[in-house]
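J.: Protein chains in written order, with this note's numbering: chain A, 223 to 572; chain B, 223 to 572; chain C, 223 to 572.
Hints were generated in silico from the structure; no laboratory data involved.
A few of these clues could be false.
[Unchecked claim] Dumping the calculated BS3-like pairs for lysine-lysine here, alpha-carbon to alpha-carbon at most 30 Å:
#1 B:Lys344 x B:Lys492
#2 C:Lys357 x A:Lys357
#3 B:Lys357 x A:Lys371
#4 C:Lys346 x C:Lys494
#5 B:Lys481 x B:Lys357
#6 C:Lys458 x B:Lys458
#7 B:Lys458 x C:Lys392
#8 C:Lys357 x C:Lys392
#9 B:Lys492 x A:Lys458
#10 B:Lys357 x A:Lys458
#11 C:Lys458 x A:Lys458
#12 A:Lys354 x C:Lys458
None of these values were measured; they are calculated from a predicted model.
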Amino acid sequence: MHEIIENYDLDRISIATLGSHSALQILHGAKLEGFTTVLIVERRRLWFYNQFRHLIDHTLVVDSWREVVSKNIMNRLRSMNSILIPHGSFVEYVGLDRAESMEIPMFGLRGLLRIEADQRRKMKFLADAGIKIPKEYSINNVVPPVIVKFPGAKGGKGYFIANSIEDVKKGIERAIKQGIIQNPDEALIQEYIVGVPAYYHFFYSPVLDRLELLGADIRYESNVDGLKRLPAEISKYINPSFVVVGNIPLVLRESLLPKIMDYGLKFVRKSKEDLPPGIIGPFCLESIIREDCEIIVFEFSGRIVAGTNIYVMGSPYSWLYWDEPMSTGRRIAREIRMAIDRGILDLILT
Amino acid sequence: MHEIIENYDLDRISIATLGSHSALQILHGAKLEGFTTVLIVERRRLWFYNQFRHLIDHTLVVDSWREVVSKNIMNRLRSMNSILIPHGSFVEYVGLDRAESMEIPMFGLRGLLRIEADQRRKMKFLADAGIKIPKEYSINNVVPPVIVKFPGAKGGKGYFIANSIEDVKKGIERAIKQGIIQNPDEALIQEYIVGVPAYYHFFYSPVLDRLELLGADIRYESNVDGLKRLPAEISKYINPSFVVVGNIPLVLRESLLPKIMDYGLKFVRKSKEDLPPGIIGPFCLESIIREDCEIIVFEFSGRIVAGTNIYVMGSPYSWLYWDEPMSTGRRIAREIRMAIDRGILDLILT
Amino acid sequence: MHEIIENYDLDRISIATLGSHSALQILHGAKLEGFTTVLIVERRRLWFYNQFRHLIDHTLVVDSWREVVSKNIMNRLRSMNSILIPHGSFVEYVGLDRAESMEIPMFGLRGLLRIEADQRRKMKFLADAGIKIPKEYSINNVVPPVIVKFPGAKGGKGYFIANSIEDVKKGIERAIKQGIIQNPDEALIQEYIVGVPAYYHFFYSPVLDRLELLGADIRYESNVDGLKRLPAEISKYINPSFVVVGNIPLVLRESLLPKIMDYGLKFVRKSKEDLPPGIIGPFCLESIIREDCEIIVFEFSGRIVAGTNIYVMGSPYSWLYWDEPMSTGRRIAREIRMAIDRGILDLILT
Numbered sequence: 223m224h225e226i227i228e229n230y231d232l233d234r235i236s237i238a239t240l241g242s243h244s245a246l247q248i249l250h251g252a253k254l255e256g257f258t259t260v261l262i263v264e265r266r267r268l269w270f271y272n273q274f275r276h277l278i279d280h281t282l283v284v285d286s287w288r289e290v291v292s293k294n295i296m297n298r299l300r301s302m303n304s305i306l307i308p309h310g311s312f313v314e315y316v317g318l319d320r321a322e323s324m325e326i327p328m329f330g331l332r333g334l335l336r337i338e339a340d341q342r343r344k345m346k347f348l349a350d351a352g353i354k355i356p357k358e359y360s361i362n363n364v365v366p367p368v369i370v371k372f373p374g375a376k377g378g379k380g381y382f383i384a385n386s387i388e389d390v391k392k393g394i395e396r397a398i399k400q401g402i403i404q405n406p407d408e409a410l411i412q413e414y415i416v417g418v419p420a421y422y423h424f425f426y427s428p429v430l431d432r433l434e435l436l437g438a439d440i441r442y443e444s445n446v447d448g449l450k451r452l453p454a455e456i457s458k459y460i461n462p463s464f465v466v467v468g469n470i471p472l473v474l475r476e477s478l479l480p481k482i483m484d485y486g487l488k489f490v491r492k493s494k495e496d497l498p499p500g501i502i503g504p505f506c507l508e509s510i511i512r513e514d515c516e517i518i519v520f521e522f523s524g525r526i527v528a529g530t531n532i533y534v535m536g537s538p539y540s541w542l543y544w545d546e547p548m549s550t551g552r553r554i555a556r557e558i559r560m561a562i563d564r565g566i567l568d569l570i571l572t
Numbered sequence: 223m224h225e226i227i228e229n230y231d232l233d234r235i236s237i238a239t240l241g242s243h244s245a246l247q248i249l250h251g252a253k254l255e256g257f258t259t260v261l262i263v264e265r266r267r268l269w270f271y272n273q274f275r276h277l278i279d280h281t282l283v284v285d286s287w288r289e290v291v292s293k294n295i296m297n298r299l300r301s302m303n304s305i306l307i308p309h310g311s312f313v314e315y316v317g318l319d320r321a322e323s324m325e326i327p328m329f330g331l332r333g334l335l336r337i338e339a340d341q342r343r344k345m346k347f348l349a350d351a352g353i354k355i356p357k358e359y360s361i362n363n364v365v366p367p368v369i370v371k372f373p374g375a376k377g378g379k380g381y382f383i384a385n386s387i388e389d390v391k392k393g394i395e396r397a398i399k400q401g402i403i404q405n406p407d408e409a410l411i412q413e414y415i416v417g418v419p420a421y422y423h424f425f426y427s428p429v430l431d432r433l434e435l436l437g438a439d440i441r442y443e444s445n446v447d448g449l450k451r452l453p454a455e456i457s458k459y460i461n462p463s464f465v466v467v468g469n470i471p472l473v474l475r476e477s478l479l480p481k482i483m484d485y486g487l488k489f490v491r492k493s494k495e496d497l498p499p500g501i502i503g504p505f506c507l508e509s510i511i512r513e514d515c516e517i518i519v520f521e522f523s524g525r526i527v528a529g530t531n532i533y534v535m536g537s538p539y540s541w542l543y544w545d546e547p548m549s550t551g552r553r554i555a556r557e558i559r560m561a562i563d564r565g566i567l568d569l570i571l572t
Numbered sequence: 223m224h225e226i227i228e229n230y231d232l233d234r235i236s237i238a239t240l241g242s243h244s245a246l247q248i249l250h251g252a253k254l255e256g257f258t259t260v261l262i263v264e265r266r267r268l269w270f271y272n273q274f275r276h277l278i279d280h281t282l283v284v285d286s287w288r289e290v291v292s293k294n295i296m297n298r299l300r301s302m303n304s305i306l307i308p309h310g311s312f313v314e315y316v317g318l319d320r321a322e323s324m325e326i327p328m329f330g331l332r333g334l335l336r337i338e339a340d341q342r343r344k345m346k347f348l349a350d351a352g353i354k355i356p357k358e359y360s361i362n363n364v365v366p367p368v369i370v371k372f373p374g375a376k377g378g379k380g381y382f383i384a385n386s387i388e389d390v391k392k393g394i395e396r397a398i399k400q401g402i403i404q405n406p407d408e409a410l411i412q413e414y415i416v417g418v419p420a421y422y423h424f425f426y427s428p429v430l431d432r433l434e435l436l437g438a439d440i441r442y443e444s445n446v447d448g449l450k451r452l453p454a455e456i457s458k459y460i461n462p463s464f465v466v467v468g469n470i471p472l473v474l475r476e477s478l479l480p481k482i483m484d485y486g487l488k489f490v491r492k493s494k495e496d497l498p499p500g501i502i503g504p505f506c507l508e509s510i511i512r513e514d515c516e517i518i519v520f521e522f523s524g525r526i527v528a529g530t531n532i533y534v535m536g537s538p539y540s541w542l543y544w545d546e547p548m549s550t551g552r553r554i555a556r557e558i559r560m561a562i563d564r565g566i567l568d569l570i571l572t
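Bound-form chain A, shown alone (with noise of 0.2 Å):
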């Protein structure tokens, strides 16, 4: 990767990201950083991304996801002197191997990748690094209620709320018919923690050797945020499911903040030990806050989440630092043109 970035011309960087999740956002960021950017987008979504042609230098259009790894798009990327930012779609799109083999400079950890993609290695990593997490039962041992969730399956797929063991049997059962898992050893069975859910949105400087806090949210999911206006009656009848449709602004109450970073310092100390150089800009820690006050962190992403896309102008918290429209796409473009003025780029790179 160092031999790529030697070979970049520097003063004609671009940024080039993946037609999806929070592309916008990048792209709009990169812009007011004054970089030419790159959009890798599949064919039968060119049409929607034409509409923000403004933010957009150039497009690389595929026919399935693929393709992003092939050598025409990689050969094209390196001559555009570009350096990829993976986002929460891409690996879903690339696959991890190829994620993980792209010869291409990324903005990011590209070792957390295959941490991300195993359910018990992420807990296990989020254990170790200091942060508290779900109880986790085996299915012999369950305290209800609890949440089952299919490590394979994507967004929130399958996933069921059970109180009983008897529940519990039956959904996993239930989901092997439905071929979402192999064998019932698939299914992850979490304390079901009581409380409300929170997403917080870090971003760790390797230039300023800071961690920034730069948003947080809620998710908006159908259909089970849409069963609670019904009368009990009727939502009865109806499973609720989880899928993520999209993010609602939140601020946390300031005497949490202190909790929330000190999960956010040791996430950047853990990730710095394990996998050296450590995280590298955006991260997200997923969480319910308990009736005590006490946060547990259920789930991470270890890059930019969509709920940064609520925070074009900047969020409440980015204010704090910044005092003008510092969206998380602007601040890895920001973090990226700091970097080239230093002239340690290869810092920030994997």
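On the provided structure of chain A, position chains B and C as indicated by the hints.
T.: Okay, now just chains B and C, sitting in the frame of chain A:
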């Protein structure tokens, strides 16, 4: 109308609206674009709008909304070279016939008012445009759950959700007794779409020939959004109601935006076909997003909606286009400004 | 107090607050208005506020909040020409008696602290101002549903909703057993208003003699806002709790704003009558909006509330007045700046 506009002094155009709904946003936007502003306001609310007198150059006080169309008000508006900005409460206050025949240039598609006033024509317009809508049932052909609406009723009054044919019939009888409707045929029985509500704020610019997505929101409704905070054993005795009292910001999952933009473009196209010159400026599609990410539109508004009041400083979407605080109210004024500068003002007025 | 202010160097005024609640917002706003900032902070939280050291010129570290009123801290604050900004956690941390007698100029109406600390005087203040409040019931005269509150309890602790006299009595007995109250008379039994919560952030400017509406929010409460995401057969076993952990942005239907503004003005008027010079700066009215659009206020706060933390970059309402990113924290600093410039600083300090 062309005659009126021809007699206008284009250097002294003023922007006028009615004191309610999104008036503050419209006036604020007009001032930012350098226009003189005119507020038509009921006497009883004058004191309130006087709190914002820095946004208002002239007030025309009426004792009741019916006066809005009086010769006196019309003459004064024309003498101030006024363009009227109709908003979501406009037809409600002024009445459909009067609104259609007002002899003052309006920003927006006047011809759409009559379609909007008729729930069934409205749904047909959407369906014919190629936008997915809920199924409509006749009373003898109900597949529950359904939502029953009374087109004449204001703000969702009397709407109810039913899980059986008996409940539909009982509810309609109750509505007749309460005088909400006269006969059962007035009731609109729609498939109840299970999912989450989401409202999209569009702006079609004839000057730029561009459809902009300017924001999205969720409505905050009394009492339904409070009931869900009550224990079931108490809430079950209370009938949910759906009176909109506010709006909450929302961003959408980026992979939903192509579908949303497609619906917006279809709406523009259909309006151009059926009602040339077609939609001008703001409109809103009101939808449910199902757990399979399908979007079903159950309502539209052909003008500025109150949800845009969230984004006086711009929205996560408007910043993608404008990089300055661009509310829908300001966007209207900007469109008028651009049309004046290009000598094509009559293109955007009806 | 006048004496202290007379000895202050008006060219070197600093703004001081306690490290919690809305301190970051207050410090950020003070810096934007060119003030030196002082943070009084518990030793255990110093590391956290050091993450924001660009906002803080001086830190005064205490081992416990009681030290805030120590001679040492008071002397140091006065030597830095400090104006103290009390926030929602101020009395909770410092204690009512100490807060009232602190020998340091405060921005805000010190005389209101004692009324705020007494739930019954508080409700009487609102009612006497002409603001609608919930009915209060004696234990022998309950019309359910009711909400039962324990004035001494922090953050809604122990509050419960009851649908029968028996449940009220049982709940109060339980609270006595748990030591939340000593005798039944301490319990405040209020009519449970069915509707949706909404909180309004006001700012009364003595300098401009103007009441500004600076924002609105909804509280995000653990666990009640999570319970609604659980299937009824699970949530029914869990007692709802109402611990505020965050805030969500809200705009109001514009036709509700005259009522809200009227309440705000009534609050200002009453405070001037009862406690001259009357309210100074931020206050908050906390309400339920019923389905008939009537607004019932069940609580107020006489200083900056945490909900304003949403609007560090300004709110949809503050932009109507200021056209620059004007948080409540910055608005406080701006008021102090204007008062200094006009030589009327003593008008806004108590």
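J.: Check each numbered hint against the structure and report the violated ones by number, ascending.
T.: 2, 3 and 9
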